[in-house]
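S.K.: Respectively, the protein sequence lines represent chains A and B.
Residues 1 to 599 in the UniProt record's numbering are what the first sequence spells out, letter by letter.
Residues 1 to 339 in the UniProt record's numbering are what the second sequence spells out, letter by letter.
Honestly, I wouldn't trust all of these hints.
Computed far set for chain B versus chain A, every beta-carbon distance over 12 Å [as the list claims (entries may be wrong)]:
| hint | residue |
| --- | --- |
| 1 | Gly141 |
| 2 | Ala150 |
| 3 | Gly186 |
| 4 | Gly273 |
| 5 | Ala325 |
Which residues of chain B face chain A? A partial, calculated answer using Cβ under 7 Å [unchecked claim]:
| hint | residue |
| --- | --- |
| 6 | Thr184 |
| 7 | Asp231 |
| 8 | Ala284 |
Don't read these hints as lab results, they were simulated from the structure.
Where a beta carbon is used, it is the ideal one built from N, C-alpha and C, also for glycine.
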Amino acid sequence: MRKLLAVLAALCLLAAVPGTAMAADPAPKKVIKIGVTQSVDSMNPFLAVRLVTGSIQRMIYGFLTVPDSKTLQPSPDLAESWTTSPDGLTWTFKIRQAKWSDGQPITADDAAWTFNKMMTDDGAKTGNGPAVENFQSVTANGQELTIKLKAPQASMLDNPVPIMPKHVWEKVKDISKYEAEVYPTVGSGPYVAVEHKKDQFVRLEANPDYWRGRPKIDELQIIFYDNPAASIVGLKKGDIDLIGRLNPPDFESLKGDDNIVQWNTQGRRATYLQINHGATTSDDKPIGDGHPALKDPKVRTALHYAIDKQKLVDEVQGGLAKPADGSIIPPLYKDFFWEAGGAEKVTFDLAKANKILDDAGYKKGPDGVRTMPDGSRKLQFRFSIHTDTPIEDKLAEYLTGWYKEIGITLTTKRLDSSKFTEETGTTALFDIAISGWSVNPDPEEVLGTHLCSRRPGADGKGGGTESFYCDPSYESLYLEQQKELDRGKRAETIKKMEERLYTDAPVIALYYPNDLEGYRKDRIASITPIPEDKGLLYGGSGYWPFYTLEAVSKDGASVDEGGSNGGVIAGVAGGVVVLALAGFFVLRRRSSSAADERE
Amino acid sequence: MTAVEELEQTPVRHGLLRYAATKVGGALLSIAMVIVATFFLFRLLPGDPVRALAQGRNMTPEQLDLERARLGLDKSIPEQFLHFVGRTLRFDLGVSYEYKRPVLDLIGERIGATLLLTGTALVIAVSFGLWQGARAGWKPGSRFDKVSTAISLVLWSVPTFWLGLLLLMVFAAGIGPIPGIFPTRGSSSVDKPDGLAGVLDVAQHMVLPCLTLVAVVYAQYLLVMRSSVIDEVGQDYVTTARAKGLRDDDIRRKHAVPNALLPTVTLVFMRIGFVVGGAVTVEAIFSWPGLGQLFYEAIRVPDFTLMQGTFLLITVSVILMNTLADVVYHVLDPRVRSA
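Isolated chain B (complex conformation) (with noise of 0.2 Å):
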């Protein structure tokens, strides 16, 4: 490396530096806000969270004022708000109303579940997406890309409940000729087995989950890759490439096809920050013990701190997640520096 290259790539660094902090302080003033939205947000929802819990049952007004201050609903909102503020910060998450416990507990023992099935579902869906998206773009008008794109737009379409039940419901129960090979529920069998049997019990429950989620959600990596091929077919270096004789093959996957993933990387990095949240309705067809089902559930009670927890959990992971997405763009697209 010459003297000169190196004085070149210096204020480079520099920006990058500057830039990402810039883009840390704004992630931070985000989720400020949003601690603060999660606050007034849920108390806007109506129901008497108390009453609620009582519901069905049959609770003298001593035992629901008890119950009042059990979870400091019996202090004035100025000072609950305080009083969550100092908790979030602490990462104390507050106890759930329904549960009794921590709420950071809670997340702890189902997050785990929901990040191995929409962790999996990501990367299948991603692969899978971006792999149909560059072969269809390449040659657009072709079988191959009407085929694809016409069944990724259809499964697109699918409201996720009714594809989730209609796939539970065939390979799950098992209709005519078809066997229900797979479980109708949950993450692993009562019985288990250890070692690698277990780890084929848990691989047999999230084929189903697993396979709505992909379905569902693939065609967007497919579409955006297809019209960033598109874009780079057309251009000078594809034609250079095919001048000097290059299997064709080998123009898509080593030249247009790195060049075509910047707009994906985006894309990709918004679904991590989504992972977390994982997907309730996934979750709730196949009673998956995920923070899906914790979420829709403290929705029902409703479970205030609960809720606020799992939510805030979700936007600061997207949040993150947004950040990281903007600051690789910077490195990975020169182009953005400039601007």
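Excised from the complex, chain A in its bound form (with noise of 0.2 Å):
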């Protein structure tokens, strides 16, 4: 016992060591180390999905283009300028004279390998499939290259796929198994991965060759928290500098400290709920069981009068989001945004809800409640929401009171993601449902999501709706919006979209949730969002944050090793502490021992 006992305090001594030997490193690398709340889930990007891995993409190789950092619209970047054939079918990409961060030359070529892979493999589909789905054929020649459509489609400058290194990756056999797991990676962005440990980090290098320049860093850490609550406490502490992504309570617990600097800005996200008008598979044929009444547009709007928007931002996302007068278009991008104005803008009013209501024919009973005209059901809608998220019980107990001013009862049903997911996008188990997305520069991936031809099949499978709808107006306007090369005309059509969206109310948007991150403003001297104007950013377009970043110099980094001191002088005195109690035990032991002897 006496043993162990020295061998634990010594290990604790040991353990808090290590401090000395970090802060003791010699070269005074610029590192910067962001937070995230998602581990990697494939370094090979014809397979990674997630958000982080995309965002990590965006660092270290090129796309054909980047949205530009003030505009967001497309800007040059591997692409250094463009042509679009009459028909708008056939588009000529000039690609940049660069090279790849092995010293090869960037060529047409690595684009058209990396498109026609996509096209050609089922195995390489995975992480960006639907971006050449529209894709004819793809060709180089020299740094030209020539991607023919099989219809014209105006979102051709978003592209989110990134071009890889031919001569590095045509030598992969089977690329729906392939880790990628080789360093440094050979790319074309600002930096280059040198380290990923698997589901710890993923360490970043600034890229000396890269074409606009080498970052003004020299190192970036994606450092991944499993528990949102204790990468708060490690940006307060300093394990790492930046953390985005964050919920109210998280962004306000950052009040208070001097270091730490409050991003509160327009975020890409929109809240709404979604609401069963009716749903139907791709054949036509009725799926679910929505109550009948929501099928009558009237309905909805006035469900639509009876939300106080304003006091849901107030008292659900704390004041930290903007009302929604418009639909599922966020006004962070301010070229496609569309918001009501005049006679067509709902604004909060129950009186009207309820004249709508009575006039349709909703007649009250006497325990308050409406029936069907035909006074077949009572108006007692299922609202689905997220098990554990306060944020959504706090929106029902809203909602179900004002929807009881009008005579509507309103129930929370709370199912986990995969349950709420099925009942919401398949079988249509649902009346109103909560819902979101977050949209990307170009806006063409959310406008899908309400086409007809994503509502599920006959066998009930696939799919991928956000609302079950299929409005021949809305359709007739999305074609027409993907053959509009002129950037201006088709905002004007997405505008149309979105009122459609909005008076016929399929979903109803609620607010637009701020972007809420965290930085240290002792370890990073400047950022630039994007956009510039008050945008994002972790989790925004492009690489422009991250790119521009810069570390504060010399100074800080002597504050930090005094930290880090202060940190072992108090492990050290710790230690003390535990092997002087280790002591005190062996000697009491030997104490009593003696005691028992002379008895």
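Two chains, two separate frames, one set of hints: put the complex together.
M.R.: Okay, here's the thing in structure tokens:
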């Protein structure tokens, strides 16, 4: 037992020491540490799907285009310039004269190989398959890349596929099984990945040959936290320098720390209600058990009038959101954002909601609950939310209160996330459900989630719909914007689609949650958000924030060393205390056994 | 050894072999049942894994079908079942939906971290718990007994998640005069040094998760040991030993404790089985890159093959350790043999 205690004490003492070893690192590298709460699924861009992995890909690989840091409009990346044929079917990109991080020149052949691989190998479609679905053929000639499309596609310039070095990747036999854990990676972005410890971190080093110029810091570490609360502790302590995608309570807990900047700007997400307005499968057969009253646009409009969006923002989101007077595209995307005005605009008005329902024949019964005009069913709706989400619980409370005022009973149904996805996206076993989507600079993706073709098939499988919506005018507007290569005209069409969603109300937008982040100003001297005017840091589009990142130099580093020295001193002190305790135990035992012997 | 003694021992050896064979047979049967149950259990979970994978991403119906085919979900349930059983018997746990890699590889990458953490915690919890239990039981009602039993029970009742976060906030972040000397996450630093310093770096990362694991479980060893020692205190052989004039400590250590250890054997072996499963909660709090974290991620997706794989591994190791405990007990305690 004595030995064990001594060993334990020694371990405790030693465990506190490594701080010294690390602080004594001779080379003062400029390192910035980004905390993330999602681990990397795969370093192979053909397979990876997670957001964190997408962000890392943006830093180590070039793309055809990248959203402009000011306007978010497509701007040159690996493609220097481009032209489109009059029919919109042939796109020609001029690939930049630049070098891969291993010194090989970048040619159009690299891009052609990447796209062709995805078009011909099903195993390479997992990551970004839909991006090449409309591609007829891709050919290369020197620095000239020609992509022929099956149908015109305006979102071509928001292509999410990282261009891979052919000379490295063509040697891979089976892409679908390739881990790509070879370091340093060969890429063309501002950083080169040099190490990946699974579920722990990814280490990126500045790419000295990056064509825009080397980043200003030497190393970027992406550090994984399984637990958001621990990541907040990590930021406050200085184990990480920046963390994004915070929820309101965690964001609030950063208040009062002089070293931490609370980053609160408009976000890329919209939160909305999805209404089962008569769900159907892709062959137009009814599916699910939605309440028949919700098929009536008047009922949906009444539901819309009975929501106090400002109140929700204040009470549910702690004021850290913007009430939605538009639809599924948040105001961050100025070009595409549509906002209701005039008579069309729905504002909180319970009297008006009641009147709409009265006029439409939904009479209130003696218990104050309305019934269908034919008296067949009461207006009792289920509200599907996720389990263990306090924010959604609170939202449900408010909605239930307001809907009671207009004679509608709302009961909350909590589902775990996979069951929730199934019931609200495939089997349609819901009335009203919480929903939302993070929107890209090109909104085609989110617009596509409300197309007829995204409804589940007759076998009940497949899909990808976020609303079971199938509306002829929405469909034709979608096709129109797809063909329109003039950005201004296309934006007008997209706004009409948002207007249609707003007035027909298969979805009702509630608010646009703010982008909440935190970073240490004693470590990060400057960082440019995307867009530059009130934009995002982590989770934004492109690589701008992490390319422009500047670290606090020397002074900050010496403060840091002082901190770890303090830790070391405390650690040694702690070890001494443990040793003293152990010694005390041993001595006490000695004396007690001596007493025994005398007896 | 005389001939008579040899004769007497043979049936015992024989009995042990037969006993062990029965137990191993039982274990194999349990494993077979677990394999079957695993397949159907996870098919009962709600949610279409392909749809879940596509969540928050825009995927066309064609692509979803492609994914379904990749995961083998386009086949009928009996076909999937036969495929699953055949594969499992060849120690092939399939390919993870989410990571697109063999489950066995994923487990292999993480099992080391888990064994290190939970193994260390088990050793500390067992030695600490048994030691305290033996001392507490030797003089029941004493101050040491009251204090140690009370503390262990309080820690036993505390939710792991809460205790872990509290330790993290106090000893990793530092509060007031208490410095935050321990890291907030992971099993090593990003700039982990080589050699001895590297080992120390891992040790430093292990302190808080290990402490959490020990604190919430050592009570069970303490209590079992305590009651077992209390039983021994009143035994005649203890009185005899006292009458012989042996030191109190010697009686406890050399006579009472070895006898009292028997009931703890089963307990410890059971826990060894669970060591493989790791500690999902603790791994999640301290971002420890082990199996618990992998299992947790698998449930969130849901990633059928990964869940099946980790679940099988955990259950099989528990069954094996249980069987081993039965056999060891048989050897240690002659009374079981006649039963």
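S.K.: Now look at each hint and say whether the structure bears it out.
M.R.: Taking the hints in turn, this is what the structure says about them:
1. Gly141: 18 Å, holds
2. Ala150: Non-interface label on alanine 150 (chain B) holds, nearest chain A Cβ at 20 Å vs cutoff 12 Å.
3. Gly186: Non-interface label fails for glycine 186 (chain B): nearest chain A Cβ at 5 Å, not farther than 12 Å.
4. Gly273: 24 Å, holds
5. Ala325: Given a closest Cβ separation of 24 Å, the condition holds.
6. Thr184: 4 Å, holds
7. Asp231: 22 Å, violated
8. Ala284: Holds, because the Cβ-Cβ distance from alanine 284 (chain B) to chain A comes to roughly 5 Å (cut-off 7 Å).
When each numbered hint is compared with the structure, violations occur for hints 3, 7.
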